[in-house]
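Number of protein chains: 2
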Amino acid sequence: METNGVQWKEISGGISAPVGFYASGVKAGVKYREKYDLALIFSATKANAAGMFTRNVVKAHPLLLTQKHLQNGQAQAVIINSGNANACMGERGERDAWQMAETTALELGINLQDVLVASTGVIGQPMPMEKIVPGIKSAAAAVKSLQQQCSSSINNQRNCQIKALSAHQAALAIMTTDTKEKEASFELECEGGTIKLGIMAKGSGMIHPNMGTMLCFITTDAQVESSRLKTLLQEATDESFNMVSVDGDTSTNDMVLMLANGLSGVKPEGKDWHVFSQMVKEACRSMAKAIARDGEGASKFLEVKVTGAKDICSARMIARSVCSSNLVKTAIYGQDANWGRIVAAAGYSGASFDPERVDVFLNGLQVASQGRGLQFSEDEALLRLTSKDILIEIKLGDGRGEAVAWGCDLTHRYIDINADYRT
Amino acid sequence: METNGVQWKEISGGISAPVGFYASGVKAGVKYREKYDLALIFSATKANAAGMFTRNVVKAHPLLLTQKHLQNGQAQAVIINSGNANACMGERGERDAWQMAETTALELGINLQDVLVASTGVIGQPMPMEKIVPGIKSAAAAVKSLQQQCSSSINNQRNCQIKALSAHQAALAIMTTDTKEKEASFELECEGGTIKLGIMAKGSGMIHPNMGTMLCFITTDAQVESSRLKTLLQEATDESFNMVSVDGDTSTNDMVLMLANGLSGVKPEGKDWHVFSQMVKEACRSMAKAIARDGEGASKFLEVKVTGAKDICSARMIARSVCSSNLVKTAIYGQDANWGRIVAAAGYSGASFDPERVDVFLNGLQVASQGRGLQFSEDEALLRLTSKDILIEIKLGDGRGEAVAWGCDLTHRYIDINADYRT
Chain A
1 METNGVQWKE ISGGISAPVG FYASGVKAGV KYREKYDLAL IFSATKANAA
51 GMFTRNVVKA HPLLLTQKHL QNGQAQAVII NSGNANACMG ERGERDAWQM
101 AETTALELGI NLQDVLVAST GVIGQPMPME KIVPGIKSAA AAVKSLQQQC
151 SSSINNQRNC QIKALSAHQA ALAIMTTDTK EKEASFELEC EGGTIKLGIM
201 AKGSGMIHPN MGTMLCFITT DAQVESSRLK TLLQEATDES FNMVSVDGDT
251 STNDMVLMLA NGLSGVKPEG KDWHVFSQMV KEACRSMAKA IARDGEGASK
301 FLEVKVTGAK DICSARMIAR SVCSSNLVKT AIYGQDANWG RIVAAAGYSG
351 ASFDPERVDV FLNGLQVASQ GRGLQFSEDE ALLRLTSKDI LIEIKLGDGR
401 GEAVAWGCDL THRYIDINAD YRT
Chain B
1 METNGVQWKE ISGGISAPVG FYASGVKAGV KYREKYDLAL IFSATKANAA
51 GMFTRNVVKA HPLLLTQKHL QNGQAQAVII NSGNANACMG ERGERDAWQM
101 AETTALELGI NLQDVLVAST GVIGQPMPME KIVPGIKSAA AAVKSLQQQC
151 SSSINNQRNC QIKALSAHQA ALAIMTTDTK EKEASFELEC EGGTIKLGIM
201 AKGSGMIHPN MGTMLCFITT DAQVESSRLK TLLQEATDES FNMVSVDGDT
251 STNDMVLMLA NGLSGVKPEG KDWHVFSQMV KEACRSMAKA IARDGEGASK
301 FLEVKVTGAK DICSARMIAR SVCSSNLVKT AIYGQDANWG RIVAAAGYSG
351 ASFDPERVDV FLNGLQVASQ GRGLQFSEDE ALLRLTSKDI LIEIKLGDGR
401 GEAVAWGCDL THRYIDINAD YRT
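These protein sequence lines map, in sequence, to chains A and B.
With my numbering applied, the first sequence has no gaps in its numbers, which climb one by one up to 423 at the end.
With my numbering applied, the second sequence has no gaps in its numbers, which climb one by one up to 423 at the end.
Please keep in mind that the hints were generated in silico from the structure rather than gathered at the bench.
Possibly wrong hints are sitting among the right ones.
To be verified - Which stretches of chain B does chain A cover? Using the computed rule of at least three CB atoms under 8 Å from a CB of chain A, they are:
1) 114-125
2) 330-336
3) 364-371
4) 403-413
What the hints assert, rightly or not - Below, a list of computed lysine-lysine pairs in the DSS-like style, where the Cα atoms sit at most 30 Å apart:
5) Lys310(B) to Lys68(A)
6) Lys395(B) to Lys281(B)
7) Lys31(A) to Lys180(A)
8) Lys9(B) to Lys68(B)
9) Lys310(A) to Lys68(B)
10) Lys31(A) to Lys68(A)
As the list claims (entries may be wrong) - Pairwise CB distance ranges (calculated):
11) Leu374(B) to Pro128(A): 27 to 37 Å
12) Ser377(A) to Lys144(B): 44 to 54 Å
13) Gly399(B) to Glu91(A): 45 to 55 Å
14) Arg228(A) to Cys313(B): 37 to 47 Å
15) Lys388(B) to Glu225(A): 55 to 65 Å
16) Ser377(B) to Gln366(A): 51 to 61 Å
17) Ser377(A) to Lys388(B): 14 to 24 Å
18) Pro134(B) to Lys180(A): 57 to 67 Å
Cβ coordinates follow ideal geometry from the N, Cα and C atoms, glycine included.
Okay, chain A solo, but in the shape it has when bound (with noise of 0.2 Å):
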């Protein structure tokens, strides 16, 4: 990947790729047997930390636990534990929570107020803590261990490849209903120094997206200060994890997680904090791409591109409105052109436009011109709408706004999936 001229490239080693982060995922027995489900981040000195959370009224304990441990700025491990969302369930809930996070400590030997925990699973069920503690204890040996072995051998090639498989361990026990596991790791050359970039994410539940709780931790050795890693985490994630979908909607559960710790030696600034930036944009939306393209019972993937709105808010509403609407995924499950239901999903985003200049695009082939349908020819649009990707691209005459939402389509398999997830 290129931006102005500064390259980044893909490396091995997900959550775990940066200088000083250890991470391991084992099989506690919260899911079900034989699953990962519990997963732990550990980074060998203190990080500046940042964090975005759900907006949802209600929140999980371990959610709130998490932002209180946050409030310095700082985090040395992460615990996360799939299958139970530990949320609704009263005092019970904030002290298996709070347990949590303490036996990472004790058994890390770090300060428990520089743990933070996330939980996904469904909402309302007790916490399984006589299957978590054990799991706590196996996980931190796992990443004490690689520690160790980082340290003391001279064989850095495998140690890199028992490093990266155990990240991907802890990759898949983050997952729910996701099919596949989401990482990805970088690597940067700027002017200061080479930065690495970590990053796992989770999430699958398409149609209310986030409700499908979305999970994603970023982990980087560059030198950066916790209020300006919480600005670009913000900036980040509105334009990806935001944009996957639906109406704004969150889970109880949902939190986005970025330690710095700055063990690279390099303290990006100018050009190389541009790139940087530019580095982290691009993997939270490749994750956001990954959740959407992961969609419960998706066929299709579907990116709304929207330009020439009057400002980026209102890009984004009528992306994000388009990309969530019901009557348009379930168009394009059916492979039918149905431009209308997208002037109307726009119409009623809540964002303002002249509908007598919207033109619209499907996989390239124009299908509205100025609020007007256009004669075109169904086999061709039939044609291009067999495509597993789908592109609607909403050209507005309002503005330079732009904005890109991703979603999927909406099918008989999401009904399957989600009629009967608790039991």
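Once you have looked at the hints, place chain B on chain A.
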């Protein structure tokens, strides 16, 4: 039905039950062979009139014309077609809507300004005027013949039967994916005399509910000023049609029109006005429920009742959010007592509430208390959820705001219907 000891009763006659109203429905050939698709409502004298319209930025051509013609608060006829929305058609769309009004005015011998036009169906297809114009002529001939017969003949009972049959054909003619016609009529004996009310509606697109256009027409022989009519219609719409599922989304064509011709000679005031208002609101609620019950592919009717909210606005936001959550709707389809999804959907409604004071009941069975799940019998829950009618009660501890929303479950059949609606 009874309110404060004063009664109104259901009578036959549908939209043309009130004195001086005549209606007809014909098969113009817009939809497909042998289906009613063009309806006409006619008042013997000019009536006071009011309308509520879609909030969509993209507005259908007939809707814009109707808004213009309603500026003086009067109308004498409404012409409605199904099968074609006449939306996004540019100048041609404007001209077609205008021609529909003009033909109706000419045939009935009334002013163009006094004709309102409504359309529902596919967006972006040219209106087949070669079928519409002869259709309007037939429909106008039918209402004129009814009018003549009723004024000359002494066989009152038979006339009423014929009028009712003709009104029923009008109710059939406005249907699209509706599986049932939706019409009713009422008679109110109040201190000033007898007032009659007729109503008919269409709508069945239940996910983005108003997307599958919602139309409603109300007639009365009461004497009501336009401005008062408008206020009443606004209030009635807010607690009925605007509470049918989902998030305020509106189609390009949604409208609710009310005509009051005053031919009963009764001007309801004081207590009479109160009862008359209640009757109008109850009539609108009954249509709203019928629309929800007829949701596309619905297997269950969903009622969400919120009490104890901070205010009525919060209560409505929460009720609509839960009622329109795809995850809640799919769980109801799967007969899964997934109260966590209910609490989460309340949480992202945009309304604020204390999550620690939420009680949830499913068809009377309490499943959550004070924001926490209760131990309940899954067998008992399943038994209650096998019912075709599902009542979700959400009791908050924040105030006295109350609201009810109606919707339906999300099913495989919905996908079938909407994956291929246009073609």
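Cβ separation of Ser377(A) and Lys144(B), checked against the hinted range 44 to 54 Å: The hinted range 44 to 54 Å holds for Ser377(A) and Lys144(B), with Cβ atoms some 45 Å apart.
30 Å Cα cutoff - pair Lys395(B), Lys281(B): Roughly 24 Å between the alpha carbons, so the hint for Lys395(B) and Lys281(B) holds.
Under 8 Å between beta-carbons, do enough residues of the segment 364-371 of chain B, three at least, approach chain A for the coverage claim to hold? It holds: at least three residues are needed, and the segment 364-371 of chain B offers 3 whose Cβ sits within less than 8 Å of chain A.
For a C-alpha distance cap of 30 Å, please report whether Lys310(A) and Lys68(B) respect it. 27 Å, holds
Just to be careful, I want the Cα atoms of Lys310(B) and Lys68(A) compared with a cutoff of 30 Å; is the pair within it? 28 Å, holds
Is the Cα-Cα distance between Lys31(A) and Lys180(A) 30 Å or less? OK: Lys31(A) and Lys180(A) at ~16 Å, within 30 Å.
State, for the Cβ atoms of Gly399(B) and Glu91(A), whether the hinted interval 45 to 55 Å holds or is violated. Violated, at about 25 Å.
Indicate whether the distance between the beta carbons of Ser377(A) and Lys388(B) respects the range 14 to 24 Å. 44 Å, violated
For the segment 114-125 of chain B, does the count of residues with a C-beta closer than 8 Å to a C-beta of chain A reach 3? Holds, because 4 residues of the segment 114-125 of chain B bring their Cβ atoms closer than 8 Å to Cβ atoms of chain A.
Do three or more residues of the segment 403-413 of chain B come closer than 8 Å to chain A, measuring C-beta to C-beta? Since three or more residues must qualify, the claim that chain A covers the segment 403-413 of chain B holds, with 3 doing so at under 8 Å.
Do the alpha carbons of Lys31(A) and Lys68(A) lie within 30 Å of each other, as the hint requires? 27 Å, holds
Status of the given 27 to 37 Å range, CB of Pro128(A) versus CB of Leu374(B): 19 Å, violated
Of the numbered hints listed earlier, those contradicted by the structure are 8, 11, 13, 17.
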